[in-house]
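Engineer: Protein chains in written order, with my numbering: chain A, 2 to 274; chain B, 377 to 647.
The set of hints was computed from the structure by calculation and includes no laboratory data.
Glycine included, C-beta positions come from ideal geometry on N, C-alpha and C.
Careful, some of the hints might be misleading.
Covered stretches of chain B, as calculated for chain A (at least 3 residues, CB under 8 Å) [claimed, not checked]:
id, stretch
1, 478 to 485
2, 492 to 506
3, 593 to 602
A partial selection of chain A residues facing chain B, derived with a Cβ cut-off under 10 Å [said to hold, decoys possible]:
id, residue
4, Leu31
5, Asp176
6, Thr186
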Amino acid sequence: MTVTQEPATAGPPLAELSARHARKRALRLLGALAVAAFVVQGLIVVDARPQDLVTGVTGMADIVARSLPPSFATFSDAMSAALETFDIALIGTLAALVLALPFSICAAENLTPARPVYVVARSVIAVCRVVPDLVWALLFVTAVGLGPFAGVLAVSVHSIGMLGRLFAERFEDMDMGPVHALTLTGARRTQVFSHAAVPTVLPSLVGIALYRLDENVRSSLVLGFVGAGGIGFQILTAIQLFDYPTVAMLLLVMFVLVMAVERVSAALRRRIL
Amino acid sequence: MSTGATRARSHDRASNAAQRGDPVVEIRGLSKRFDGASGPVLDDVTLSVWPGELVVVLGANGCGKSTMLRCAVRLLDPTSGSVTVAGSDLAALSGNELRERRRQVATIFQHGHLVARRSALANVACGGLGRVRGARVAAGHLPVAELQHGMECLARVRMTHVAARRADSLSGGEAQRVAIARALSQRPQALMADEPVASLDPEAAQSVMELLRDLATSDGLGVLCVLHQPELALRFADRIAGLHAGRIAFDLPAGLVGAEAIRALYQDERG
């Protein structure tokens, strides 16, 4: 019987493969232990005491009992405040959309015109995103005073960060085939972007923007707590006056608004995608 | 038709093409080495395509065929060498000059690379974007003149019946013909095709190769086509260049390429 000797370039020997496999297993084990250690330190730091939740449930039940039945005496005011909350989210999202698009193009590695532009765009997006919308609202209330305009500014700036990052990632993940194909036809950069990149990712961008609108409706409710207009401000006032039946009515109105926006946005996303 | 007759005709076409003056695409001393690689992917490749000629590049996986095509259209920057298209060296150009010169060479990819959500006609009309400018075009509008020319190009590839269909609803063969129509709407002097039939069934592959053959013969385009199917190369090409380990192993009229030469291209390099 003849034995054919494997050429030297056939691949790494079995012993080396086995050692590599053992190293990978050891690394995986170390990773799992590190995650477990983080979870344990997290439970210690947050001072988790589930028993307190059990003993304190009567206090929560008391507030719920005092909220019922909801009071509809100020229902018309609540409706106009709910509309204001929705408007803060809508205008804030639209403004963010207009500004996030150019930032995201500059912040996408495959579309950015130059490396310094990429770094600046990524930094702006990071600052907008990392600072919470509540902090932006406090800053803008100081600048433009109490009211919905401060809310619009806060929602808008924070959304530039959120939309900018998601849009940039979508651009980076898109199929570059059509972009290369149009580039090779001699089309200009802007033409390639509008005729190849935009049609390719538009449904995703619209879906992300609708999801952001949905999130912003919830955010603008909380922004009212710091004086940035909308139904949040009414909820805060009613809580401070211990007027729990009015709080219950306001929460019901908010629940209907959030659910309506969520359903409509989900239906639109399904239709587009 | 006998194989001998096919080869004789192919040899004649190659001779005629060679008598038509300057080549439309001239690759000279093209080399490409990727960062960190032990050796060059392309090593001193020289190849020319004359108007009206269909040149097929054959070679095993990883021999550098697609890299050569990508360097030729400057999707990749070559390490050294030149690619002359209609008298200009693409490798030395940049910016608007490169863009203008690229219009002379249309490229066809394995998967067509059509914009999925646009109609076949809109995709074809996009081939003419290099000729038009203005804010409306930059915003995504396609001029009527380009759409009309797009219909003519679809008619040239016998695909007017799919004009209104979205690109993602086309079959592989239909998409490739629409991609060829987009290439034609550039009004190019040369076509570069990177494995245009690799993902098609035999019938669609033959139909696409017949179309490329016809574009060279009837429209006078110079066609440089990377293929994996020697039988298609022998049947449709005027000239066949064999690429082995990044070097041109042979460059001969199709009628003179023997089975042994082709077999040698696909032999295991370690053997």
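Engineer: Take the hints in turn and mark each one as holding or not.
Structural biologist: Do the hints match the structure? See the list:
Three residues within the 8 Å Cβ limit are the bar, and the stretch 478 to 485 of chain B against chain A gives 6, so the coverage statement holds. With 8 residues carrying a beta carbon less than 8 Å from a beta carbon of chain A, the stretch 492 to 506 of chain B meets the three-residue requirement, and the given coverage holds. As drawn, the stretch 593 to 602 of chain B meets chain A at 0 residues by the rule of a beta-carbon pair under 8 Å; below three, the given contact is violated. For the restraint placing Leu31 (chain A) at the interface with chain B, the shortest Cβ-Cβ distance is roughly 29 Å, beyond the 10 Å limit, so the hint is violated.
Interface restraint check: Asp176 (chain A) against chain B, minimum CB-CB distance 8 Å, threshold 10 Å, status holds. Look at Thr186 (chain A): its Cβ gets to within about 5 Å of chain B, closer than 10 Å, so that hint holds up.
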